[in-house]
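Start from the sequences and build out the full structure, keeping to the hints where you can.
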Amino acid sequence: MIECRSVSKTYGRGVFALKDATLSVDKGDFVFLTGPSGAGKSTLLRLLLRQDVPTGGILRVGGRDLADLSRREVQAYRRTLGFIFQNFNLIPTRTVLENVAIVPRVLGQSDDQQKRRAFQVLKWVGLQHRISAFPEELSGGEQQRVAIARALVNDPVLILADEPTGNLDPDLALDIMNLLREINARGTTVLVATHDRELIRRVNRRTIALAHGHVVEDH
Amino acid sequence: MGLVGYAWREGTTSLWRGRRAAAIAMAAITAVVLVAGVFLVLSHNTRRIVSTWSASAEMSIYLADDAEPRDVQTLQDWLQQSGMAQAVEYVSRDEAFARFQRDFPDLADIAGTTADHPFPASFEIHLHPNAAAGPVFDTWVADVRSRPGVADVRLDLEWLGRLQRIVRTIEVAALALIVVLGLAAAFTVASVVRLAAASRADEIEIMRLVGAPLATIRAPFVVEGLLQGTLGALCSLLLLAAGAWVVQRRYGDWLVEVTGLDQLLFLPPTTIAAVLLAGLVLGGLGGLIASRGATRT
Numbered sequence: 000m001i002e003c004r005s006v007s008k009t010y011g012r013g014v015f016a017l018k019d020a021t022l023s024v025d026k027g028d029f030v031f032l033t034g035p036s037g038a039g040k041s042t043l044l045r046l047l048l049r050q051d052v053p054t055g056g057i058l059r060v061g062g063r064d065l066a067d068l069s070r071r072e073v074q075a076y077r078r079t080l081g082f083i084f085q086n087f088n089l090i091p092t093r094t095v096l097e098n099v100a101i102v103p104r105v106l107g108q109s110d111d112q113q114k115r116r117a118f119q120v121l122k123w124v125g126l127q128h129r130i131s132a133f134p135e136e137l138s139g140g141e142q143q144r145v146a147i148a149r150a151l152v153n154d155p156v157l158i159l160a161d162e163p164t165g166n167l168d169p170d171l172a173l174d175i176m177n178l179l180r181e182i183n184a185r186g187t188t189v190l191v192a193t194h195d196r197e198l199i200r201r202v203n204r205r206t207i208a209l210a211h212g213h214v215v216e217d218h
Numbered sequence: 000m001g002l003v004g005y006a007w008r009e010g011t012t013s014l015w016r017g018r019r020a021a022a023i024a025m026a027a028i029t030a031v032v033l034v035a036g037v038f039l040v041l042s043h044n045t046r047r048i049v050s051t052w053s054a055s056a057e058m059s060i061y062l063a064d065d066a067e068p069r070d071v072q073t074l075q076d077w078l079q080q081s082g083m084a085q086a087v088e089y090v091s092r093d094e095a096f097a098r099f100q101r102d103f104p105d106l107a108d109i110a111g112t113t114a115d116h117p118f119p120a121s122f123e124i125h126l127h128p129n130a131a132a133g134p135v136f137d138t139w140v141a142d143v144r145s146r147p148g149v150a151d152v153r154l155d156l157e158w159l160g161r162l163q164r165i166v167r168t169i170e171v172a173a174l175a176l177i178v179v180l181g182l183a184a185a186f187t188v189a190s191v192v193r194l195a196a197a198s199r200a201d202e203i204e205i206m207r208l209v210g211a212p213l214a215t216i217r218a219p220f221v222v223e224g225l226l227q228g229t230l231g232a233l234c235s236l237l238l239l240a241a242g243a244w245v246v247q248r249r250y251g252d253w254l255v256e257v258t259g260l261d262q263l264l265f266l267p268p269t270t271i272a273a274v275l276l277a278g279l280v281l282g283g284l285g286g287l288i289a290s291r292g293a294t295r296t
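Listed in order, the protein sequences are those of chains P and R. Going by numbering that gives the first Met the number 0, the first residue of the first sequence is number 0, and it counts up by one from there. Going by numbering that gives the first Met the number 0, the first residue of the second sequence is number 0, and it counts up by one from there.
Just so you know, these hints were derived from the structure itself, not from any lab. Careful, some of the hints might be misleading.
Said to hold, decoys possible - If you want the ones that stay clear, here's a sample from chain P, every Cβ over 10 Å from chain R, calculated:
| # | residue |
| --- | --- |
| 1 | S7 |
| 2 | T21 |
| 3 | T54 |
Said to hold, decoys possible - Example chain R residues on the side facing chain P (calculated, C-beta under 10 Å, incomplete):
| # | residue |
| --- | --- |
| 4 | G1 |
| 5 | L2 |
| 6 | T12 |
| 7 | E88 |
| 8 | F99 |
| 9 | R199 |
| 10 | D201 |
| 11 | M206 |
| 12 | R207 |
| 13 | V209 |
| 14 | G210 |
| 15 | A211 |
| 16 | P212 |
| 17 | L213 |
| 18 | T215 |
| 19 | I216 |
Glycine included, every Cβ here is placed at the ideal spot set by N, Cα and C.
Structure (C-alpha cells):
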C-alpha cells in the first residue's frame, strides 16, 4: 500500500524534516508512526496527503508515485483517503451532519445520498443523536468521532491520522483507537502518527519510530 | 444538486454571513457604475441634442450681384445633387429685403429702398443631420465657395462639429475613468471575497484534502462576486433612475426649452442590460481573483 524508499524532505536552507526514510505498509495494516516532536511524523503524513512532495527518494501509494501526480490525479488520489487531525478540523459554522456530508457533497453526490451516507457513518460512530449539533456543542471525544465519520464517509482505502488522540483524555483516546481498530478490521489500512507511548503499548500494533527524520525502529 | 446549485447555495450563504463587508464591495461597484451611468445618460442625451441641432442646421450661400442666371441654375442643380442638402431654397434679392422688413420693422427705414437695398440673393440650404462631421464637409464647403457666382458662405455647423468632437473626447476620457474605477471596484470585490475566503480557510483546506475539484471550491466565491457586482449595478441603476426622475421633474421644462429635445431620456434597455452585465463581470472577476488566491497551493 505505502512504499517509502529513501525519502527526504528539506525545508529552507537544508533543514531536514525527513532524511533517507525507508518503510513500507501493506494493505490492511494498522501501523503507529511514533517519535518525538520534530521527528518527521507530520512531514511524512503531509507527503502522504500530497500536500507536499519529497525532495529526494520515492514515495508510492497503491503503486503510484505521488511526486508524478497531476493536479487532477492528486484530487482523485485524495478521494481514496481519509484523514484525521489532532485539532479535529471541523467547520464551526456547520452542523455535525453537514461536516460529514461535505465530502460526498463536493464529490457530486445528491443531497439525499449525502445525508443518507453521512447519517450511516455517524450512526456507526455513535453520534446519530447529535447530527444537528454544531462542533462547539460537542465534547472533544465527540468532535473526534465526527472527524472519524468524515474520514470514513467516502470508504477510503487508507486512513491517515495525525495525533488523533492528542486532545483527549486516556479513556477517550482508547475509545478512538478502538474505533480505528474496527475500521482497520474491515480492511482499511490505518496509519496513526502519535507520540503517546502508553497508547501504543495498550493497542499493541506494529510501530515505526522516527527520530531526526530517520526510521530508527520498526517492530 | 449540481455544481451551479451548490455554488449558488454556498455563495449566497457566504454573502449573507459577510454582509457588512459585502456592502462595502457593493457600494464600490455602485459608485463606479453610477459614475459610468451618469456619463452614459449625459452622453446619450448630448448625442440627441447634437443630432437635433444638426438636423435643423442651415447654410446660406450668398450670390454675387452680377452672378449669371446660368451659373445660379448650375449651382442650384449641383447643390441638390451633392448629397449634403436635405432642401435647397432660392431667396431672391427682393425676397431677402421683404424678409428683413418683416423681421426687423424698426430698422426698415435705414435698409434702403427696393431699388438700392444691400441684401443679396442667396440659397438657403437645410443640411443633412450628419453633414457637419468629417473633412468631406470642409472640402465640400470650400468647393461651394469657389463656384462661379458665389460671393460668400455662412454656416452654423462649424461649432456643432466642434461640439461633436468635444463630446467624443469627453466620452473617451469617461471611458478611461470608468475602466480605472472598474478595476478598483473589481479589486475591492476581490478583497472582500478574499476576506470571506480567509474566514473559510479551514473549510477550503478540508475540501482540498478530500479531493474536491478546484471548480467546486472556487465556484461559490465566483457566485458571491457575481452577486455583489450585479446587486451593486442594480443599486446604481436605481439611484440613476431616481436622479433622472428628479432632474426631469424639477428642470424638465427648462431643459426642453434650452436643448430643443421633447424630453430627456433615461438609458435605453440595451444600455441598462450592458450596465448590469458590466456589474456582473466586475463582480465575477473579483470573485475569481479571490478564489484563485484562496486555492493557490
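**Message:** Could you work out which of the previously given hints the structure breaks and list their numbers from low to high?
**Reply:** Hint check: 7 and 8 fail, others pass.
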